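**Student:** Modelling step: build the complete structure from the supplied sequences, incorporating the hints.
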Amino acid sequence: MHLIVTHLGFLMQGVLFTLGLTVIGFVGALVLGTVLAVCRVGPITPLRVIGSAYVEFFRNIPLLSLLVLFIFGLPDAGVTIPLFASAAICLALSASAFACEAMRGGINSVSVGQAEAARAIGFSFLEVLRFVVLPQAFRAMVQPLVNVFIGVLLSSALAAAVGVAELTNRTQQLNLKYAEAVVCFLFAGAVYLVIALAGGTVGSRLERWLAIKR
Amino acid sequence: MSLLSSVRRRRTAAVAGLSAAALVALSACSSSASAPSIDGGGASGHLSAYNKIITAGPVASDSEINANPWAKKIKQQGYLRVGGTDSGPLFSLRDLNSGELTGFDAGLSQMLAHYITGKTDVKALTKLTITSVDTRETMLQNNTVDAVFATYSITPERAQKVDFAGPYYQSGDSIMVKKGNTSIKSVKDLNGKTVATESNSTAALAVHQLAPKAHVLLFKDDAQCVAAVQQGRADAYVLDQGILLGDAQNNPAVQVVGGNPFTVDPYGIGLNKQSGAKPFVNAFLKKIFASGDWAKLYKATIGTVVKGEVPNPPKIGSVPGS
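Top to bottom, those sequences are chains L and U.
First residue of the first sequence: 14, per this note's numbering; consecutive thereafter.
First residue of the second sequence: 53, per this note's numbering; consecutive thereafter.
Keep in mind the hints are simulated off the structure, nothing from the lab.
Since the structure is predicted, the reported quantities are computational estimates derived from the model, not experimental observations.
One or more hints might be untrue.
In silico lysine-lysine, DSSO-like type, Cα no more than 27 Å apart, as pairs [claimed, not checked]:
| hint | chain 1 | residue 1 | chain 2 | residue 2 |
| --- | --- | --- | --- | --- |
| 1 | L | LYS190 | U | LYS125 |
| 2 | U | LYS265 | L | LYS190 |
| 3 | U | LYS272 | L | LYS190 |
| 4 | U | LYS213 | L | LYS190 |
| 5 | U | LYS175 | L | LYS190 |
| 6 | L | LYS226 | U | LYS240 |
| 7 | U | LYS124 | U | LYS245 |
**Tutor:** Here's what the structure looks like:
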């Protein structure tokens with residue numbers, strides 16, 4: 014424990030990096046996931062195909078492979094992106110596939126009658142989504158999106174394997190010097206737990222706020 | 053209804069097929085020039101020469117074994133449970149053709165197993181459990197492995213958790229840069245530059261100490277660090293000199309600079325503190341230092357890339373923690 018207290022500043026910087034990766038990854042996933050979900054439920058077939066292909070690819074490739082390909086494979090093709098940015102981009106790309114499916118599930122949970130009625134009174138496709146379907150779908154999407162958030166948080170630990178100085182990486186450095194594996198990794202685990210619980214709490218609050226009060 | 057679902061099935065199959073093809077194409081165009089070569093020689097001649105060095109090593113007498121409970125247990129077991137790696141060039145690499153572990157660390161573990169059990173089938177002498185920097189001390193403490201041979205640097209902090217036999221090799225860190233880079237000649241030039249090293253290596257600590265203004269990037273393994281230097285992500289790569297020389301031999305795009313190693317890194321054999329194994333293993337090391345088997349193993353592994361004469365073996369117990 015004494016070890017953790019002495020190096021608290023060092024570890025907290027790592028926590029900041031982790032939070033940075035998580036936030037950028039999650040926000041990126043939400044934005045990209047929304048676009049993809051709209052593509053997948055939309056009337057334009059080529060967009061539907063592209064959306065499906067993207068999701069099938071990025072949902073089924075291990076994040077570690079994606080990170081290694083991005084960080085060590087791209088430079089051979091001429092494009093070198095800094096480590097933190099690469100890790101954030103990979104996290105966003107991978108999580109956007111999961112976010113897209115979470116949103117599509119939420120959209121499909123809204124009964125077809127809503128979309129039909131909106132069409133009948135003259136809304137265009139995007140207006141149907143924006144004014145009628147998405148506000149109702151959001152209620153069903155909250156918990157799956159919290160899952161995506163926690164997934165991004167825990168996957169950010171993988172970035173340690175490719176050199177990003179986030180919490181897991183710094184814990185490994187400490188362990189290298191002081192050989193206190195159990196204490197170091199228990200601390201890192203506790204930090205991840207606290208952040209994930211915070212995410213879950215926000216999710217439950219949101220869910221309660223959106224619930225239909227009868 | 054059935055028309056729609058068959059269209060959907062065909063589409064899903066097409067998407068899956070495309071993705072699989074893309075993955076295969078991506079993996080096929082990886083540049084093999086930057087990957088470390090599979091050393092140890094696929095040729096069976098090279099391997100049998102290595103095996104001969106192992107089996108020519110000394111074997112302990114029954115009285116020596118019975119006097120030490122740890123050795124007795126291992127002799128009854130019939131093999132030595134070793135913690136280490138199988139992807140470390142020069143020190144512990146699995147020969148992909150035969151499946152046998154070869155290298156300096158691997159050879160020492162096999163020699164120790166041969167010393168205790170007297171068996172001559174090199175592949176069956178040891179059972180390897182992959183350990184990492186995060187798990188080595190714990191694996192020794194809970195007896196998951198009998199000994200750790202993993203370019204394990206002896207430090208006083210680690211010596212509080214585990215026993216170290218040795219040192220059996222005095223290593224030192226050196227610097228690798230992209231070929232043509234003349235701005236880095238010694239460790240002092242690393243200040244202000246980006247330096248890559250392995251996340252499980254004490255080289256990271258050495259760089260923090262000797263070049264505090266350097267920006268250190270930690271990667272998981274050797275191949276990633278070499279790729280980082282080659283692709284310009286890092287200006288230099290600091291690691292054990294032997295490993296760097298091995299990489300530079302196989303990769304013409306990088307070179308090792310800096311002359312002699314700028315740190316002293318003694319490697320030891322990790323042992324459980326309560327097992328009483330340390331004096332036994334130290335006696336084994338003294339024997340192979342004196343008999344020339346250590347030198348023969350060195351010549352067959354590290355000596356293939358580090359030029360010059362075989363150095364004298366280090367003095368046992370000469371390092372704090374050993």
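**Student:** For every hint, state whether the structure bears it out.
**Tutor:** Here's how the hints hold up against the structure:
no. : hint                : verdict
1   : LYS190/L x LYS125/U : violated, 32 Å
2   : LYS265/U x LYS190/L : holds, 19 Å
3   : LYS272/U x LYS190/L : holds, 16 Å
4   : LYS213/U x LYS190/L : holds, 13 Å
5   : LYS175/U x LYS190/L : violated, 34 Å
6   : LYS226/L x LYS240/U : violated, 68 Å
7   : LYS124/U x LYS245/U : violated, 52 Å
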